[in-house]
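Colleague: Modelling step: build the complete structure from the supplied sequences, incorporating the hints.
Chains as they are written, first to last, in the numbering used here: chain A, 3 to 117; chain B, 19 to 129.
If you're looking for bench data, these hints aren't it; they were derived computationally from the structure.
Keep in mind that a hint or two might mislead.
[What the hints assert, rightly or not] Just some of the chain A residues that point at chain B, by a computed CB distance under 7 Å:
| hint | residue |
| --- | --- |
| 1 | GLN43 |
| 2 | LEU93 |
| 3 | PHE108 |
| 4 | GLY109 |
| 5 | GLY111 |
Since this is a predicted model, take the numbers as computed values, not measurements.
Quick reminder that beta carbons are idealized off the backbone N, C-alpha and C, glycines included.
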Amino acid sequence: DTGVSQDPRHKITKRGQNVTFRCDPISEHNRLYWYRQTLGQGPEFLTYFQNEAQLEKSRLLSDRFSAERPKGSFSTLEIQRTEQGDSAMYLCASSRGGTRNSPLHFGNGTRLTVT
Amino acid sequence: QQQVKQSPQSLIVQKGGIPIINCAYENTAFDYFPWYQQFPGKGPALLIAIRPDVSEKKEGRFTISFNKSAKQFSLHIMDSQPGDSATYFCAASMDDYKLSFGAGTTVTVRA
Numbered sequence: 003d004t005g006v007s008q009d010p011r012h013k014i015t016k017r018g019q020n021v022t023f024r025c026d027p028i029s030e031h032n033r034l035y036w037y038r039q040t041l042g043q044g045p046e047f048l049t050y051f052q053n054e055a056q057l058e059k060s061r062l063l064s065d066r067f068s069a070e071r072p073k074g075s076f077s078t079l080e081i082q083r084t085e086q087g088d089s090a091m092y093l094c095a096s097s098r099g100g101t102r103n104s105p106l107h108f109g110n111g112t113r114l115t116v117t
Numbered sequence: 019q020q021q022v023k024q025s026p027q028s029l030i031v032q033k034g035g036i037p038i039i040n041c042a043y044e045n046t047a048f049d050y051f052p053w054y055q056q057f058p059g060k061g062p063a064l065l066i067a068i069r070p071d072v073s074e075k076k077e078g079r080f081t082i083s084f085n086k087s088a089k090q091f092s093l094h095i096m097d098s099q100p101g102d103s104a105t106y107f108c109a110a111s112m113d114d115y116k117l118s119f120g121a122g123t124t125v126t127v128r129a
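Modeller: Next comes the structure, spelled out in structure tokens:
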């Protein structure tokens, strides 16, 4: 179990630029989640994949955000035309599907700063 | 809106003390209540979890108490150690994948 890996750890970008983050889940986990965490708050659910299918998106995920999991393994989260309000920690998690309340294993996140 | 309310925002205890963190929820459809521990620069890690058919669960020095009628649950850290200093989040879920987190409690254990 090598854990959930996220890249990059930190990203500083200027307002209006596009950014893309990558998440590699635990290899045998077929569920993958993206959450966002702002300073002093708990993580907020953004979206969730079972294998390559994106099954739910939060209303927090505006049309500037897109997530993919093309082969049911790694996932990418892209933010287009970044805004200062997008500054946050973006957390990826994975779990084993098919087991009720299978624990979510979080990565260490990508911290995005939009200047 | 925040579906899980957590308090206090922060607390400080001496080594060996018992920090207690409280959470409350409104949605009676929630049926899974995990607690996560987060250290600076790290992602949250699952500590312990409870289902509403159980009133208490212990794992090592961590205990969850659950009051279904009051829609409240709490985390107790027995014999707290400086290494327990972290931010703790309660959460709740009504399905198999989407967690609603509280705002977090920063616990500081002084040696």
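Colleague: Does the structure break any of the earlier hints, and which numbers would those be?
Modeller: The structure breaks none of the hints.
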